[in-house]
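The listed protein sequences derive, respectively, from chains A and B.
The numbering used here puts the first residue of the first sequence at 216, with every later residue one more than the last.
The numbering used here puts the first residue of the second sequence at 216, with every later residue one more than the last.
I should point out that these hints are in silico values taken from the structure, not numbers from a laboratory.
Fair warning: this is a prediction, and the values are worked out from it, not measured in the lab.
Any given hint could turn out to be false.
If chains are identical, the list can't say which one is meant, so a pair holds when it fits in one copy or spans any two.
[Said to hold, decoys possible] Restricting the straight-line Cα-Cα distance to at most 30 Å, the calculated cross-link-like pairs of lysine-lysine (BS3-like) are:
id	residue 1	residue 2
1	K224	K349
2	K310	K219
3	K224	K240
4	K219	K349
5	K310	K240
6	K349	K240
7	K240	K219
Protein chains: 2
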Amino acid sequence: MPVKPEVLKVTPTARSRLFQVEELKLRFSNGVERTYERLASRGNGAVMIVAVDAQEHVILIREYAGGIEDYTLTLPKGLIDPGETPHIAADRELKEEAGFGANRLHTLKKMTAAPNYMGHRITVIIARDLYPCKLEGDEPEPMEVIRWPLARLDELVLQDEFTEGRAIAALYMTRHFLAVEGQ
Amino acid sequence: MPVKPEVLKVTPTARSRLFQVEELKLRFSNGVERTYERLASRGNGAVMIVAVDAQEHVILIREYAGGIEDYTLTLPKGLIDPGETPHIAADRELKEEAGFGANRLHTLKKMTAAPNYMGHRITVIIARDLYPCKLEGDEPEPMEVIRWPLARLDELVLQDEFTEGRAIAALYMTRHFLAVEGQ
């Protein structure tokens, strides 16, 4: 592995309710200096849930995404609240967003979204042994819940409405995990 | 499809060199109002390149990522410059970051990174018929270039150093695309 650059200085440069922008001044091991901007990572991270039912259908939600000003088909996900483990957060988010609890949770992978300028990490958790259970969340409107057969994943990822890289990755990894487990 | 919420107001709330934060005031079709924060999308978008050589190895790069303050293994990617098509940008980035040009380019998918609070989109492009060609980019140090057999993708995604959701998604989609094409 290469020698990490030395962090010379971290300077906050802008702040809003949710976001904090920082300047990161670095000196690489070859002596070259660079100043990058990044979003500071706050909070306890987030979870993305691949809920798989007994028929190997996955639970998708259709929700409004403010960044793209459109509805999008994706996986349930959300921030880990203070004091929660990733598994507890996954179970809660699944109840709030999709109306299911899960008796069996498995951590699959910790992913990044855009590591060059964001520290955010999301833990992908497979949820099984599902049962109906609805918790009220802070959603402005009920999310549409869709069951999609994992066997038809290649069709899903071609849809224009299904675009979130982390969700595509999580589903492919889940399909592989279940195939190996079933061997 | 649900009826989109009405955008009541978009207000810039913070700005740095790279980032602009906006408040998005919405009224959902059920009358509920919400104010979200998001990063405004600027520029012409970005490309992520899956370069596949004649032996079906993909080209990975190891680069320093400021957001996570560590080296990470990922796919070549970069912003589309003004006047460039996505294919021209993909060919240029591949030359700058990995030292290869490509005679054959195919657009696979337009992905989002975090659509709830970012408008950013990245176009995944498969690059084939590779030839050695190095262009100087603005990288602070040369990137390490690694060839990885696509047949061993499931091993790669388990590595702690390979975390970027969009790159995992792009590689799985490429493997499927090449398998279908080869049938």
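Now for the hints, and whether the structure bears them out:
Neither within a single protomer nor between protomers do K224 and K349 lie at most 30 Å apart by alpha-carbon distance, with minima of 46 Å and 32 Å respectively. In this homomeric assembly, K310 and K219 come within 30 Å of each other (Cα to Cα) only across copies, at 24 Å, whereas the closest approach inside a single copy is 42 Å. For the identical chains of this complex, K224 and K240 are intra-copy neighbours only, at 5 Å inside a copy versus 35 Å across copies, given an alpha-carbon limit of 30 Å. In this homomeric assembly, K219 and K349 come within 30 Å of each other (Cα to Cα) only across copies, at 24 Å, whereas the closest approach inside a single copy is 46 Å.
With identical chains, the CA atoms of K310 and K240 are at most 30 Å apart between copies only, with a shortest distance of 27 Å across copies and 42 Å within one. In this assembly of identical chains, K349 and K240 lie within 30 Å of each other by CA distance solely across copies; the values are 27 Å between and 47 Å within a copy. Taking identical chains as interchangeable, the C-alpha atoms of K240 and K219 lie at most 30 Å apart only when both belong to the same chain, with a minimum of 13 Å there against 42 Å between chains.
Consistency with the previously given hints fails for number 1 only.
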